[in-house]
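Asker: These are the residues of each chain, in order.
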Amino acid sequence: MKLKRLLSILIILSTIFLTGCWSSHEVNTLAITVCIGIDKTENGYLVTEQVLNPRAIASKKATAESPVVIYTAEGNDLAEIIRRFTTQSSRVLYNADLRMVVFGEDVAKDGIQNILDYFLRNYEYRTDFYFVIAKNSTANEVLGTLTPIELVPGFSMYISLKMSEEKWAAMKSIRIIELVNSIIADGDNPVLTGIEISQDEISPESTDILKQSGEYKKLKYTGLGAFNKDKLVGWLDEDESKGYNYITDNVKNTIEYADYDSKVKITYEVLNAKSRTKVYFLENKPAIEVKIKTKCNIEIVEGEFDVSAEENKQVLNELLARKVKLLCEKALNKAQKELKTDIFGFGEAIHRKYPKTWEKLKDDWNDKFTDLPVNITVEAETNQLGQITKPLFMKEKE
Amino acid sequence: MKFFKKTAVKNNEINETGPVISISRDIKENISRLENDFGHDSDLVVHYFKFDNNRGLICANIYIKSLVDRSTINSLSNELGKLKCECRNGKPGINIDALMSYFSGLRDAKEGFDYEALYTDLLSGNIVFLIDGCKKYLAVAANSDEGRSIEASSAQTIVRGPKDGFTEKINSNIMLIRKRIKSKDLKVEYLSAGSITKTTISLVYIHKIARDEIVQEIRTRLGKIEIDGILESGYIEELIKDDRYSIFPTFLSSEKPDSVAAALLEGKVAILVDGTPYVLTAPALMIEFLQSSEDYYHHYIVSSMMRFLRVMAFLLTLIVPATYIAVTTFHQEIIPTPLLVSIAAQREGVPFPALLEALMMEITFEILREAGIRMPRAIGPAISIVGALVLGQAAVEAGIISAAMVIVVSITAISSFAIPNYEMSNAIRLIRFILMLLAGVLGLYGVLMGLIVLVLHLCKIKSITVPYLTPIAPKIKGGNKDTIFRFPLWKMKYRPIGISGTDAARAGEGNPVNSSQKEKPEFR
Chain A
1 MKLKRLLSIL IILSTIFLTG CWSSHEVNTL AITVCIGIDK TENGYLVTEQ
51 VLNPRAIASK KATAESPVVI YTAEGNDLAE IIRRFTTQSS RVLYNADLRM
101 VVFGEDVAKD GIQNILDYFL RNYEYRTDFY FVIAKNSTAN EVLGTLTPIE
151 LVPGFSMYIS LKMSEEKWAA MKSIRIIELV NSIIADGDNP VLTGIEISQD
201 EISPESTDIL KQSGEYKKLK YTGLGAFNKD KLVGWLDEDE SKGYNYITDN
251 VKNTIEYADY DSKVKITYEV LNAKSRTKVY FLENKPAIEV KIKTKCNIEI
301 VEGEFDVSAE ENKQVLNELL ARKVKLLCEK ALNKAQKELK TDIFGFGEAI
351 HRKYPKTWEK LKDDWNDKFT DLPVNITVEA ETNQLGQITK PLFMKEKE
Chain B
399 MKFFKKTAVK NNEINETGPV ISISRDIKEN ISRLENDFGH DSDLVVHYFK
449 FDNNRGLICA NIYIKSLVDR STINSLSNEL GKLKCECRNG KPGINIDALM
499 SYFSGLRDAK EGFDYEALYT DLLSGNIVFL IDGCKKYLAV AANSDEGRSI
549 EASSAQTIVR GPKDGFTEKI NSNIMLIRKR IKSKDLKVEY LSAGSITKTT
599 ISLVYIHKIA RDEIVQEIRT RLGKIEIDGI LESGYIEELI KDDRYSIFPT
649 FLSSEKPDSV AAALLEGKVA ILVDGTPYVL TAPALMIEFL QSSEDYYHHY
699 IVSSMMRFLR VMAFLLTLIV PATYIAVTTF HQEIIPTPLL VSIAAQREGV
749 PFPALLEALM MEITFEILRE AGIRMPRAIG PAISIVGALV LGQAAVEAGI
799 ISAAMVIVVS ITAISSFAIP NYEMSNAIRL IRFILMLLAG VLGLYGVLMG
849 LIVLVLHLCK IKSITVPYLT PIAPKIKGGN KDTIFRFPLW KMKYRPIGIS
899 GTDAARAGEG NPVNSSQKEK PEFR
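In the order they appear, the protein sequences are chains A and B. Heads up, the first sequence is in my numbering, so the first residue is 1 and it goes up one at a time. Heads up, the second sequence is in my numbering, so the first residue is 399 and it goes up one at a time.
Calculated from the structure, these hints are not laboratory results. All figures in this text were calculated on a predicted structure; none of them were measured in a lab.
Computed spacing ranges between beta-carbons, pair by pair:
| no. | chain 1 | residue 1 | chain 2 | residue 2 | range |
| --- | --- | --- | --- | --- | --- |
| 1 | A | Glu238 | B | Pro734 | 29 to 37 Å |
| 2 | B | Ile761 | A | Ile149 | 38 to 46 Å |
| 3 | B | Ile765 | A | Arg55 | 29 to 37 Å |
| 4 | B | Val853 | A | Thr87 | 42 to 50 Å |
| 5 | B | Phe706 | A | Ser308 | 50 to 58 Å |
| 6 | B | Lys889 | A | Glu178 | 47 to 55 Å |
| 7 | A | Leu10 | B | Leu737 | 35 to 43 Å |
| 8 | A | Glu150 | B | Pro774 | 50 to 58 Å |
Ideal Cβ positions, reconstructed from N, Cα and C, are used throughout, including at glycine.
Excised from the complex, chain A in its bound form (with noise of 0.2 Å):
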């Protein structure tokens, strides 16, 4: 009786703790992937990893070695690349903390589709990482560069992205689950935000910069890139970006300028633009309708222009709403004109709304989307004039 007591709990124990430990890592085994970058070979891929270098970011004493370690390995297959960087690094890639995927424009002109299946299927990703796609560069080149103030370049275009979406509103930040989404729908396309290098001649004023070869790299986003499925078809500039993203209801605050006469010019401060997209037939046919509400502060004001007169509120509200409806325009007709890929997801608008219909039309859709009557109203309404109202330069009128 007490034996098989003894024996039962020794039983438990040794499963416990006989299992030793399986599957676990210290933390300082580990190298830290922030960024991956992915372009295109002859043989296949040729991806490239931003490790991080923990003792050279958290060290308090200015150290030489770089905050970031590149590795790079071509192959056939993305997984098998990734494994082989074992070969190079003396710690297990960990990749858990990724921020960023970039991939190489030739890469997202071959179509994405083999790529997210990995980052999906691979238990160790999160799902809170961005994409972007590397413009007129190549993603290797994008991880190599170094950026000022923050110390991880994975860090910074990750942070960077976000702010500028939320602030300039012509970038859209997409994790995996919404790319994968947008790619499967019948009537919806995805759109990546592109990254560029721009190299600036004139170095900036620090010593630090000196020591470097004169040409000084930083990373900018561009507008987006439209895709067709998962294959980029072509770049919306910035004003078409920022249209794409009034449509899709994607702007939280940016700034617009409009100009009322050839003296008078007026910028403001677009802080809650919501838009709402309605389906409805229009000689049988589905038609669209997007409908536009945004709240505004005036931020400047060129010219000789009394924003605080009341008959001038209108005209200032109606200023906003043609510009804003402008720039949506153009994103319309960058996407049904030239690209033909519905990136704005109407085709889902009207799978929602009419089934029925939607069965006759999703077969050849991007064909029919070229031709979709889309109906665009914009309503602005200013907010606040800011902290003087007339502009101190105007003239009293007698």
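Position chain B relative to chain A; hints supplied.
Answerer: Structure of chain B alone, referenced to chain A:
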């Protein structure tokens, strides 16, 4: 379990002594037996005298020199002298009854019939009178009152509230309780336990406020104690505990009369043991070990915050090291990236795995704590200097320990000191190590497994038939007014349900402030 029960039965048989020997009529025989039993070189004093020289009735007063008070003997011999005078002046023959009636007016006196009782009385510091031709004896209390006077409690210090603490003398302890509760319903029952030590134990409760079943249960359990000696209330706790193998204390030990009085008012039963300042109260619930008497003396919002803080400290000291180990060795993905980088940088060059690192530090801390308690006061500063080196920056700079681990150990340590009850903090301390091992082996999965087993155990154990997690685990409606949050006194209208007896109402409906405001003073 069975094994222990068997030995208990065996002890039982040994403890059974022979038949009771009653006191003989012949005083000579009695005295010789006494001297024989105690041995001739003991400090037993036998003093013969006669009340009436003519009739030759022999009396003897017997006492143990070291136990009785000198001045009591002096005054007693004065009184005896008076009695002798009265006898010479023609009083009838003296016997125990007459002596009894004489002394009972003056001091604590009682009579007995057999040797067993006589020895107990003698050894408790009584003066025993034997009279030739009488089959009984008279015991007059003459204990010497040597001992510590009432001082501030050293283990349970407070800021606001009464400072006096219990002492080693049971009578003075009961006095401290009686002074606080002036009620005829406060019952004090005396028992004795320990076959050799014959320690006085007293059971204190308030009639009707305490539940009869609980009082009866404790009484029965105390009656069944069979052991050679009781030297501290911890003995009692260990012997009459519901779940003997549980590490959690199910009796609340307190050094402070005010908290014992408060417990009595909640319907609990206090067990006082002679020779120790720690008084047990039962049934004790889990949540009580996180409460302090001071909670009731401060504003209720402040007290609620303090209690919340203690619950947090309780959880922190339990799971912080285990979680740290689990997260850094198994689940790095749940650490925010900047923190992960910082931890990784600190761990650069540390040669041990996190589990070993944590165990080393925790054990060092436990050794330091233990050494700090046992060591003579004079060398106290030495150990704190060395301790600061071992647990601090020096260890980090030596590259043995990461700085994050020092912080984890420190948080654990200060949190464990925030638990007001020492026994509870000891229990948690031990469980913490088990959780750390589980974390090192199975990660957070192991920690969770350990916590589930812990909660199951807490749900299972009882304190004198009352579930340990009352009023949370058997949920009692309206019973949560005095658990994690302390409600204002005027909201706590009833005594705790499930513990207190028939008299449940605690506070009346009336509010002293409102009723006085009804009669508005007239301004003239």
